[in-house]
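If you number the sequence shown the way the UniProt record's numbering does, the last residue is 543 and the count never jumps.
Simulated from the structure, these hints should not be mistaken for lab results. As the structure is a computational prediction, the values presented were derived from the model and not from experiment. Careful: at least some of the hints might be erroneous.
Unchecked claim - Calculated lysine-lysine pairs in the BS3-like style (CA-CA distance at most 30 Å, straight line):
| hint | residue 1 | residue 2 |
| --- | --- | --- |
| 1 | K445 | K503 |
| 2 | K503 | K536 |
| 3 | K146 | K15 |
| 4 | K188 | K260 |
| 5 | K270 | K235 |
| 6 | K270 | K391 |
| 7 | K405 | K538 |
| 8 | K406 | K496 |
| 9 | K34 | K16 |
| 10 | K16 | K146 |
| 11 | K421 | K467 |
| 12 | K422 | K270 |
| 13 | K37 | K98 |
| 14 | K525 | K421 |
| 15 | K391 | K412 |
| 16 | K188 | K146 |
| 17 | K484 | K406 |
| 18 | K422 | K467 |
| 19 | K421 | K235 |
| 20 | K260 | K235 |
| 21 | K106 | K146 |
| 22 | K445 | K484 |
| 23 | K496 | K371 |
| 24 | K538 | K371 |
| 25 | K496 | K484 |
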Amino acid sequence: MADPLTLLRQFNTAKKHIVEREDQIVFETISFFKTAKTNYVIGRTTPREYYTLEALLFLLKNVQLSHPIYVQRAGAANVPVVRFPDRKDLLAYLNGEKDQSANVDKSAPLELPISRTTAIGIKRSGEDTVSEASKKAKITDTQNKKDIQEWLQNKLNKKEGAIITDDIKEGKSGLNEVMSIDRIAEIKRKIMTRKRGTIKGGEDYNPEVPQVVPMESNVTGIQNFVVDADNEMTKDILNRERHLRTRTSVLQSNGKQFLKNILAILTSIKAQEEGKSNPEQQPQPAVPVKETRKIGTENRYDRFYQERFDSQKATEGFKIDTMATFHGLDLQSVKEGKSQRRNAPAPSPHNPIKSSSGSKSPGKPQKRESKTPIIIVPSGTTALISLLNAKDILQDYRFVSVEEKKRLGTIKENEVMVQRKKDTLINNTMQTVTIPFRIVDQPLKLQPNEWNRVAAVFVQGPTWQFKGWPHLLPDGSPVDILTKIKGFHVRYDDMKTDANVMKWDVMVLTFNRNRRHMDRATVLKFWEALEKFLAKNKPNLRF
1 MADPLTLLRQ FNTAKKHIVE REDQIVFETI SFFKTAKTNY VIGRTTPREY
51 YTLEALLFLL KNVQLSHPIY VQRAGAANVP VVRFPDRKDL LAYLNGEKDQ
101 SANVDKSAPL ELPISRTTAI GIKRSGEDTV SEASKKAKIT DTQNKKDIQE
151 WLQNKLNKKE GAIITDDIKE GKSGLNEVMS IDRIAEIKRK IMTRKRGTIK
201 GGEDYNPEVP QVVPMESNVT GIQNFVVDAD NEMTKDILNR ERHLRTRTSV
251 LQSNGKQFLK NILAILTSIK AQEEGKSNPE QQPQPAVPVK ETRKIGTENR
301 YDRFYQERFD SQKATEGFKI DTMATFHGLD LQSVKEGKSQ RRNAPAPSPH
351 NPIKSSSGSK SPGKPQKRES KTPIIIVPSG TTALISLLNA KDILQDYRFV
401 SVEEKKRLGT IKENEVMVQR KKDTLINNTM QTVTIPFRIV DQPLKLQPNE
451 WNRVAAVFVQ GPTWQFKGWP HLLPDGSPVD ILTKIKGFHV RYDDMKTDAN
501 VMKWDVMVLT FNRNRRHMDR ATVLKFWEAL EKFLAKNKPN LRF
């Protein structure tokens, strides 16, 4: 059986006419739905998706149009669009220019045609006999269904011992002499109701099977049935049955009262909120005092009661500073009785207090200074390396242009962390370690202590890049800066090196515009030169 894609290709190469109807596409005697999927794969789709027959036919009819105009017309006609990367290969396959295509999935499920002859109203002479035979078979099936329905109706209504209203009216049954017709009809209705509610098949009756007795119908007309629970078989079924559990029944817990616990939680929360809103009403925490001890009754010293002394009353008039300390004072100051608290000047932003040891406040832990190296990249738009592609080049060893990153929609960050992986010898074993490097493009925002961690700078060429930097010469030359910071310059191999770069102590990194397999060697040269510079000039940093 031919698939839609093969038929479309055959008809297109042979220039045969293809008929389009409301929802069908007809190939002479074979028709498919327009939405029938072919086995031509849509490129770069996971899981695989296939073009519809309607989309391929619409492309063939509008092949002379440019792709943007074709997309507009396809959208107006509500037809799926053939993607531009698939267009060339697909047209070559449909026009017969190539016999095979990599996008044709031979294992894809094929769409079955709607019909072969009735789709366009064409009858073949050899199919007349088949159609007549099918008509006879349909008539025979209809007659058999009618016979079965009549047999079931007779079996339901005319059974042994059953009373029929027509017989009652004609007086054939003889019951009209005993009771009225209405009474007989009521009995018949009850018998029929019981038959409909009884679960048993045909004439077979098993007394062991539990009988279902109908109850009175409720308001909605639904019958309720009661099972005979005394029967042994019914008891066995009830013992084996499992109760249906729904999301509602699971949430219903028996024997647990959640309301009491929830009310207790809500009451405690309300009390806490009221206590927070009225802090003056909160009771003050009592100071734990031993009942057996009273201040003033004993002269024995107890360090747990120092805070209870009154600086004015407990010193008996002597000028004793109970809150003073000798911490941070030298021996001479202790002998002279000087107090650092009294003699020290008040702190101010211009005159901060320093301890005698020359360090910061002894009560506060000193902040640990970072050892992460900093690399400065240009912030200009014409530079070949910036914060957009620094991570791709230095960490992934792959050069990606700034224009390509912008085209991909990459958002520029304030700074980037590059993780440098290298093998090093630790405890006589080679291990892979990861060292972070901080990449920034705004050097004027660095703190004075952060300039000591600047390890490298990517030089763009003009001297205005170093404006405002420390160690800049009066004429604007960065010669002294490049002695303390390793300089690098990135360029393409077909570009000329900047004149300023040739005068300065800068290492030039050359990249090819198209050969990406050469990027790794260039980046490894950068890391090797940077590590040698750090080992010689800034060994305190982590590298």
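List of violated hint numbers, smallest to largest: The structure breaks hints 3, 4, 5, 6, 7, 10, 11, 12, 17, 18, 19, 20, 21 and 23; every other hint is satisfied.
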